[in-house]
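Peer 1: Take the two lone chains, each set in its own frame, and fit them into one complex as the hints suggest.
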Amino acid sequence: MIAQLGWTLRDGYIVAGRNMRHFIRQPQLLLFSTVQPIMFVLLFSYVFGGAIGGSLPAGVSYKDFLLPGILIQSTAFRATQTAIGLSEDMKRGVIDRFRSMPMARSAVLAGRTLADLVRTIIVIGIMLAVGYAIGFRFEQGPLSAIASILVVAAFGFALSWIFAYVGLIAKGPEAAQSAGFVAIFPLVFASSIFVPVDTMPSWLQSIADVSPVTATADTARALAIGGDVWSSLWQVLVWVIGILIVFVPLCVRKYRRLQ
Amino acid sequence: MADNAVEAEGIVKRFGSTVALDGVDLGVEEGTVLGLLGPNGAGKTTMVRVLATLLRPDSGTASVFGRDVISRATEVRGLIALTGQFAAIDELLTGRENLRMFGQLFRLDRREASRRADELLERFDLADAADRQARTYSGGMRRRLDLASSLLTKPPMLFLDEPTTGLDPRSRNQIWEVIRELVREGTTLLLTTQYLEEADQLTDRIAVIDHGQVIAQGTGDELKDSVGGQMISVRLANPWDRERAIESLTRLGCGTPEPSELVRELTLSAPEDGIAMIEAAAHALRESGIAVSDIALRRPTLDDVFLTLTGAPATGDGAGPDTGEFAEAESEAAGARR
Chain A
12 MIAQLGWTLR
22 DGYIVAGRNM
32 RHFIRQPQLL
42 LFSTVQPIMF
52 VLLFSYVFGG
62 AIGGSLPAGV
72 SYKDFLLPGI
82 LIQSTAFRAT
92 QTAIGLSEDM
102 KRGVIDRFRS
112 MPMARSAVLA
122 GRTLADLVRT
132 IIVIGIMLAV
142 GYAIGFRFEQ
152 GPLSAIASIL
162 VVAAFGFALS
172 WIFAYVGLIA
182 KGPEAAQSAG
192 FVAIFPLVFA
202 SSIFVPVDTM
212 PSWLQSIADV
222 SPVTATADTA
232 RALAIGGDVW
242 SSLWQVLVWV
252 IGILIVFVPL
262 CVRKYRRLQ
Chain B
3 MADNAVEAEG
13 IVKRFGSTVA
23 LDGVDLGVEE
33 GTVLGLLGPN
43 GAGKTTMVRV
53 LATLLRPDSG
63 TASVFGRDVI
73 SRATEVRGLI
83 ALTGQFAAID
93 ELLTGRENLR
103 MFGQLFRLDR
113 REASRRADEL
123 LERFDLADAA
133 DRQARTYSGG
143 MRRRLDLASS
153 LLTKPPMLFL
163 DEPTTGLDPR
173 SRNQIWEVIR
183 ELVREGTTLL
193 LTTQYLEEAD
203 QLTDRIAVID
213 HGQVIAQGTG
223 DELKDSVGGQ
233 MISVRLANPW
243 DRERAIESLT
253 RLGCGTPEPS
263 ELVRELTLSA
273 PEDGIAMIEA
283 AAHALRESGI
293 AVSDIALRRP
303 TLDDVFLTLT
313 GAPATGDGAG
323 PDTGEFAEAE
333 SEAAGARR
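As given, the protein sequences belong to chains A and B, one line each in that order. Add 11 to a position in the first sequence, counting from 1, and you land on the number used in my numbering. Add 2 to a position in the second sequence, counting from 1, and you land on the number used in my numbering.
Everything labelled a hint here was simulated from the structure, so no lab data went into it. Among these hints, one or two may not hold up.
[Said to hold, decoys possible] With a straight-line cut-off of 25 Å between C-alpha atoms, the simulated DMTMM-like cross-links for lysine to aspartate or glutamate are:
#1 Lys102/A <-> Glu199/B
#2 Lys226/B <-> Asp296/B
#3 Lys156/B <-> Asp206/B
#4 Lys226/B <-> Asp70/B
#5 Lys265/A <-> Asp60/B
#6 Lys182/A <-> Asp60/B
#7 Lys265/A <-> Glu77/B
#8 Lys226/B <-> Glu77/B
#9 Lys226/B <-> Glu281/B
#10 Lys156/B <-> Glu281/B
#11 Lys74/A <-> Asp220/A
#12 Lys156/B <-> Glu31/B
#13 Lys156/B <-> Glu99/B
#14 Lys102/A <-> Glu99/B
#15 Lys182/A <-> Glu93/B
#16 Lys156/B <-> Asp133/B
#17 Lys226/B <-> Asp27/B
#18 Lys226/B <-> Glu199/B
#19 Lys265/A <-> Asp70/B
#20 Lys156/B <-> Glu224/B
#21 Lys226/B <-> Glu267/B
#22 Lys102/A <-> Glu32/B
#23 Lys156/B <-> Glu183/B
#24 Lys226/B <-> Asp243/B
Please read these numbers as outputs of a predicted model, since none were measured by experiment.
Pulled out of the complex, with its shape left as it was, chain B reads as follows (with noise of 0.2 Å):
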């Protein structure tokens, strides 16, 4: 497809035995933002990394705006900006600084440099704090000036690698505020996150990626559908019955429930008949005697794709069984002095 933004095929990176990238096919069509969704250590930022020509993977091919990311590095670096998971701004300098320096890199001179940092200081809330070293910045303000450096010479092609992890919510609305608006004006995103709220409010589509893989690409909507019409969740009045419950909701001929973070919490898929499953179970659990607390019909959520295409659910720390996102870009960037 010419009208992508970003194109790769069979992105294979291992570190030492880690696969970490097992044959990455992706695309991100021009002017649209694709989330990579995946849980901590699915190979997301290693992804971003290959993109960002920060990383030469083993092997497979990928380009940006047809520019192959290996043989043109250097055109691709003058199309794409980066905002990385650590806030990589200079401690030591102050905001301006920082936005100033970074503006001249960028191949600005000096005049625009100055007038573009002080346009996003202020468009980033940050100008009160503009002379002031950024290492006394918080959090939230320091992820703001990351994310201003990228937007010096308004790129068409951004990657935010989880831009909003570990912000308040009142941060990572501004932050969202400004990748819809970034949207707006007609760049490219192409965005990782292990939050599935945040994919869903963000992205158009949502490539999720688990083990190196991809195992399941679209739109929010087209992934929930794939799970399944309908869900139905029971809550159980007592947790011990889970194990009866199962049983006597398997008999349904739909499959095996699928555990959620709660014990007393079941998700069934109703495929066909919403109404005449949720009747079905209804009956079945009565007729095994067990008591219930809340039985519901609902639509799917990314949860539940999460769910049933990773095995594990995808929120919260310590999900899954793998070393998580910082050990992975913990190992990278040992990686990176061997």
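Just chain A, same shape as in the assembly (with noise of 0.2 Å):
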């Protein structure tokens, strides 16, 4: 049981750094999936700014309240190209060949979700620091400011597991890429992302209310910049081993199933 363990440990580290490999090795790849994110600060920071600052609490601005959240929209939007990346391995048919080795079944679905956890914490960092060049600040000491990351590293992670299933079950990776959109766009915006949730209309308060993307963007912003943390964080843990209890097991199980 225990060499088992090992084992999947050893195989899924390789094939993690195979995908890593792999987004070194794709320049453009790399610059827009850096850029947009980067983008995203900028246009919200400076655009909506003005407009939604108003209705803060006082005293926070607005770049302080976005930037926890577009952490988490980046973090979404990036969870979508696990179910890319395994579209594109199973139609080149490099899958078949690792489901014909003597390699553990998860190791292929492990690797990928590792490899984009590390990329979304290397994206998380470099919106950090364009948001600290334009004037955002963790206000709680460093210790909150690694929680803060780590809770949506987390929840990203999480979400990766649900795109690798759609990956598996899509047919072909653009049906992959639009799958995932669909699911994630409505997922990113009725939650407190961008606005806080009492000013959306009071059906989509309450969708927002119990959105797992607002109880993380609660989280992380309380993190950073204060506020209660404890009556989202349990939510979101709910939230993020829920999905690994149902995600992975489906996954692997689908994995074997392949046709």
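Peer 2: Below, the structure is given as structure tokens:
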């Protein structure tokens, strides 16, 4: 059992290394996946900042409000890459080779989601650098800052597993991409990422209030600029653990039975 | 039989309403090469995918070295390697990185994986390109890298799905050379092909598969014999004489002449005395006033076997009325994502 776990970790690590190399070997992908989040930070801060700033609690600047949220937006969009990457592997036949080899059944999936997690953390770092350049500050000390990043990354990791499933069932990378965006857009916008939920119509509020994206945004924000952490943190933990409990076995099962 | 490396019995696989495999029985004796020969869309790829643990059959059982491909799939995977129709290599990694990665995933340690990678790059004439990304490789180089990826652990059983389809003659010869070498080293091989020459050259036994069923099995010679002792091929001087020629040759009592791809060519089997038969054929044609540019007695080729068995010529593009191997692979790929 322990030996089995050892092999799984080793295989997952090798596949993750391969996926990281892919990221480096596609300079265009690297460039655009970095530029896009930076663009979002700047556009939202300067375009909407003035209008939305008025509806924020007194003393909170929109940059401080926005940045933790936009990390999640970016992370959630990134998670769709898991679906696209897996789907491309299947199209190219590499998955067939992996599946005919004596390697751990979960390694291809774990390697994919772990590499995507590393990429997510790198992108978060870049966005924070840009955020600091335009005036955002973590105000609760370094430990809270790290906790804030970890909460976002954990949520992104859980989403990656959902999209791994999408990638396994979608008919090709294009379909995987479209499916991903259809799912992620409403989820991201109907939340507290960009605006306080109480500015929304009440039917939308009730959706946004229970959204895991809102819980994650509220937690990350509270850790960054202050506020009640625990009231939303437990929700994030329930969501992350719940998603993993459902989707990891579902993905492995689907991977085993691919046709 | 205990000394069979691969045993399959009654394998059935459907994709939706399409029956890809319709009760296939197959055996590959250890240390030999079985050629799975069939026209486009016959089910060759599907059969290989079942045996390589990639696809669960709807019914039937299959085993590799006595291990069931479903219940003991992990053990089977430790004994086999598969080289598919489309080179399953990582295009963004270099040739060397590909081999090292697959080596480590085949459970070699890092150093051993490196060593084997270098060895195989040398052997497959890829040493110069070893540190280039695989996407810059030619078709032949990709296929060689793909095959090399299957040989990292020297698996005792190798599945090669159309290993030379789409390759130029030089690359094809290189692959053939490697296959012969593997056989000398004792590897058991199952290779699928739509090229009769390839089956004739490389395999010990051939199973002809069509519409998901094995319709004949034997050595190349046995299959040729099954068609009949000898063949008479007649080349007409004028294609418009075809119908009349068929009529007069049919009257000889040896069945209807088989048409070939060429309108002007007719083939007739001569089960008994070939010389007497060619005489009779020549006579009948002259009686009917049909001009002939060539008439010859020859041993049947695998082409004739194919023609007789499947009613369609085997080689060439667009052979047979069905969907084509690519479409088959495509529909399987689509099935994979359902």
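Peer 1: So if I understand the rule, the pair passes when the alpha-carbon distance is 25 Å or less; does Lys226/B with Asp27/B pass?
Peer 2: Roughly 21 Å separates the two Cα atoms, so the pair holds.
Peer 1: Keeping to a limit of 25 Å between CA atoms, is the pair of Lys156/B and Glu99/B held or broken?
Peer 2: holds (19 Å)
Peer 1: Keeping to a limit of 25 Å between CA atoms, is the pair of Lys182/A and Glu93/B held or broken?
Peer 2: Holds, at roughly 21 Å.
Peer 1: What's the verdict on Lys102/A and Glu199/B, does the C-alpha distance respect the 25 Å limit or exceed it?
Peer 2: violated (31 Å)
Peer 1: Are the Cα atoms of Lys265/A and Asp70/B separated by 25 Å or less?
Peer 2: Given that 25 Å is the threshold and the Cα spacing comes to 21 Å, the pair holds.
Peer 1: Hey, Lys156/B versus Asp206/B, does the alpha-carbon distance stay inside 25 Å?
Peer 2: At roughly 21 Å apart (the allowed maximum being 25 Å), Asp206/B and Lys156/B satisfy the hint.
Peer 1: Assess, step by step, whether the Cα of Lys226/B is no farther than 25 Å from the Cα of Asp296/B, and give holds or violated.
Peer 2: Given that 25 Å is the threshold and the Cα spacing comes to 23 Å, the pair holds.
Peer 1: Does Asp243/B sit within 25 Å of Lys226/B, going by the straight-line distance between their CA atoms?
Peer 2: Distance ~29 Å between Lys226/B and Asp243/B Cα, so the pair is violated.
Peer 1: Starting from Lys102/A, check that the Cα of Glu99/B is at most 25 Å away, please.
Peer 2: holds (20 Å)
Peer 1: Check the hint pairing Lys226/B with Glu199/B against an upper bound of 25 Å on the C-alpha distance.
Peer 2: holds (13 Å)
Peer 1: For Lys156/B and Asp133/B, compute the direct alpha-carbon distance and say whether it is at most 25 Å.
Peer 2: holds (23 Å)
Peer 1: Regarding the pair Lys265/A and Glu77/B, is the alpha-carbon distance no greater than 25 Å?
Peer 2: Within the cut-off at roughly 20 Å; holds.
Of the numbered hints stated above, those contradicted by the structure are hints 1, 4, 8, 10, 20, 22, 24, listed in ascending order.
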